[in-house]
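Q: One line per chain: the protein sequences are B and Z, in this order.
Numbers in the working numbering are just positions in the first sequence, counted from 1, shifted up by 7.
Numbers in the working numbering are just positions in the second sequence, counted from 1, shifted up by 10.
It cannot be assumed that every hint is accurate.
[What the hints assert, rightly or not] No more than 20 Å apart at the CA atoms, straight line, and that leaves these computed lysine to aspartate or glutamate pairs for DMTMM-like:
no.	chain 1	residue 1	chain 2	residue 2
1	Z	Lys88	Z	Glu54
2	B	Lys65	Z	Glu109
3	B	Lys56	Z	Glu109
4	B	Lys56	B	Glu27
5	Z	Lys72	Z	Asp96
6	Z	Lys21	Z	Glu109
[To be verified] With beta-carbon atoms standing in for the labels, derived distance ranges:
no.	chain 1	residue 1	chain 2	residue 2	range
7	Z	Arg95	B	Gly69	35 to 41 Å
8	Z	Met25	B	Arg84	44 to 50 Å
9	B	Pro47	Z	Ser97	42 to 48 Å
10	B	Val36	Z	Glu54	19 to 25 Å
11	B	Tyr46	Z	Ser97	39 to 45 Å
12	B	Val36	Z	Met25	38 to 44 Å
13	Z	Glu78	B	Glu71	36 to 42 Å
14	B	Arg118	Z	Arg13	43 to 49 Å
15	B	Ser77	Z	Arg32	41 to 47 Å
16	B	Gln52	Z	Leu37	16 to 22 Å
17	B	Phe106	Z	Leu37	15 to 21 Å
[Said to hold, decoys possible] Rough simulated footprint, nothing fancy, chain Z against chain B, three-plus residues with beta-carbon under 8 Å:
no.	stretch
18	23 to 31
19	51 to 61
What the hints contain is simulated information worked out from the structure, not anything from laboratory work.
All residues carry an ideal CB built from backbone N, CA and C; glycine is no exception.
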Amino acid sequence: AQSVTQLDSQVPVFEEAPVELRCNYSSSVSVYLFWYVQYPNQGLQLLLKYLSGSTLVKGINGFEAEFNKSQTSFHLRKPSVHISDTAEYFCAVSTISNFGNEKLTFGTGTRLTIIP
Amino acid sequence: DARVTQTPRHKVTEMGQEVTMRCQPILGHNTVFWYRQTMMQGLELLAYFRNRAPLDDSGMPKDRFSAEMPDATLATLKIQPSEPRDSAVYFCASGFRNEQFFGPGTRLTVL
Numbered sequence: 008a009q010s011v012t013q014l015d016s017q018v019p020v021f022e023e024a025p026v027e028l029r030c031n032y033s034s035s036v037s038v039y040l041f042w043y044v045q046y047p048n049q050g051l052q053l054l055l056k057y058l059s060g061s062t063l064v065k066g067i068n069g070f071e072a073e074f075n076k077s078q079t080s081f082h083l084r085k086p087s088v089h090i091s092d093t094a095e096y097f098c099a100v101s102t103i104s105n106f107g108n109e110k111l112t113f114g115t116g117t118r119l120t121i122i123p
Numbered sequence: 011d012a013r014v015t016q017t018p019r020h021k022v023t024e025m026g027q028e029v030t031m032r033c034q035p036i037l038g039h040n041t042v043f044w045y046r047q048t049m050m051q052g053l054e055l056l057a058y059f060r061n062r063a064p065l066d067d068s069g070m071p072k073d074r075f076s077a078e079m080p081d082a083t084l085a086t087l088k089i090q091p092s093e094p095r096d097s098a099v100y101f102c103a104s105g106f107r108n109e110q111f112f113g114p115g116t117r118l119t120v121l
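Between the sequences and the hints, there should be enough to build the whole structure, so can you do that?
A: Structure, rendered in structure tokens:
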């Protein structure tokens, strides 16, 4: 079984400042890693994913994340945030299979609030 | 722009009533997931299908919940009878190449 820990439930950040949202996972097998964003009253949208290869992954809206296997972490970063980045961010993992698209296990989410 | 659609978007019902939620996955996606989101439990998987076959429904209360895919264009989640603790947002997602695309959700309120 897998588990995902997002230690920060809320992160307030001033506009144009950098931000890091932390994610740690636990799994006895190799996993794929994902970050999703949820805007108010909407579904989840994929920001980025790590499947293999380079441990630094770039996503949409200027976000990037780094996979660290030794620390079992997948922290999300953005060098300069905008008001429009205000949302809830979810880290998730899935097991790896030949079929692809296994179920996601989500963290509890981090609410990012951008302060003007 | 292909999207996952869900109906209804909002549903208010009384305890004991049957509730059916529908999902139209993106054409060509072979995997369909049902997730539930609540403040207390967060996002949790209820069930999922691959090529219309159920793979895992261990997250569903079996006595009242049922999930089906009558065809490749429709997935349904049914609750009978509904209870106040079922109040939540229910998301459908369809999957392709290790990416899941989420619908807008059905917000269910059981009074």
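Q: Against each hint, give a clear statement of whether it holds in the structure.
A: Structure-based check of all given hints:
1. Z/Lys88 to Z/Glu54: holds, 17 Å
2. B/Lys65 to Z/Glu109: holds, 15 Å
3. B/Lys56 to Z/Glu109: Measuring from Cα to Cα gives roughly 8 Å; hence the hint holds.
4. B/Lys56 to B/Glu27: holds, 16 Å
5. Z/Lys72 to Z/Asp96: Given that 20 Å is the threshold and the Cα spacing comes to 13 Å, the pair holds.
6. Z/Lys21 to Z/Glu109: violated, 28 Å
7. Z/Arg95 to B/Gly69: 35 to 41 Å: Distance hint for arginine 95 of chain Z, glycine 69 of chain B holds at roughly 40 Å.
8. Z/Met25 to B/Arg84: 44 to 50 Å: holds, 45 Å
9. B/Pro47 to Z/Ser97: 42 to 48 Å: violated, 18 Å
10. B/Val36 to Z/Glu54: 19 to 25 Å: holds, 20 Å
11. B/Tyr46 to Z/Ser97: 39 to 45 Å: Roughly 21 Å apart at Cβ, these two residues miss the hinted range, so it is violated.
12. B/Val36 to Z/Met25: 38 to 44 Å: Because 41 Å falls inside the window, the suggested range holds.
13. Z/Glu78 to B/Glu71: 36 to 42 Å: holds, 40 Å
14. B/Arg118 to Z/Arg13: 43 to 49 Å: violated, 25 Å
15. B/Ser77 to Z/Arg32: 41 to 47 Å: About 45 Å separates the Cβ atoms of serine 77 of chain B and arginine 32 of chain Z, which means 41 to 47 Å holds.
16. B/Gln52 to Z/Leu37: 16 to 22 Å: holds, 19 Å
17. B/Phe106 to Z/Leu37: 15 to 21 Å: Check passed, 19 Å falls within 15 to 21 Å.
18. 23 to 31: violated (count 0)
19. 51 to 61: holds (count 5)
This entry does not satisfy hints 6, 9, 11, 14, 18, going by the numbered hints stated previously.
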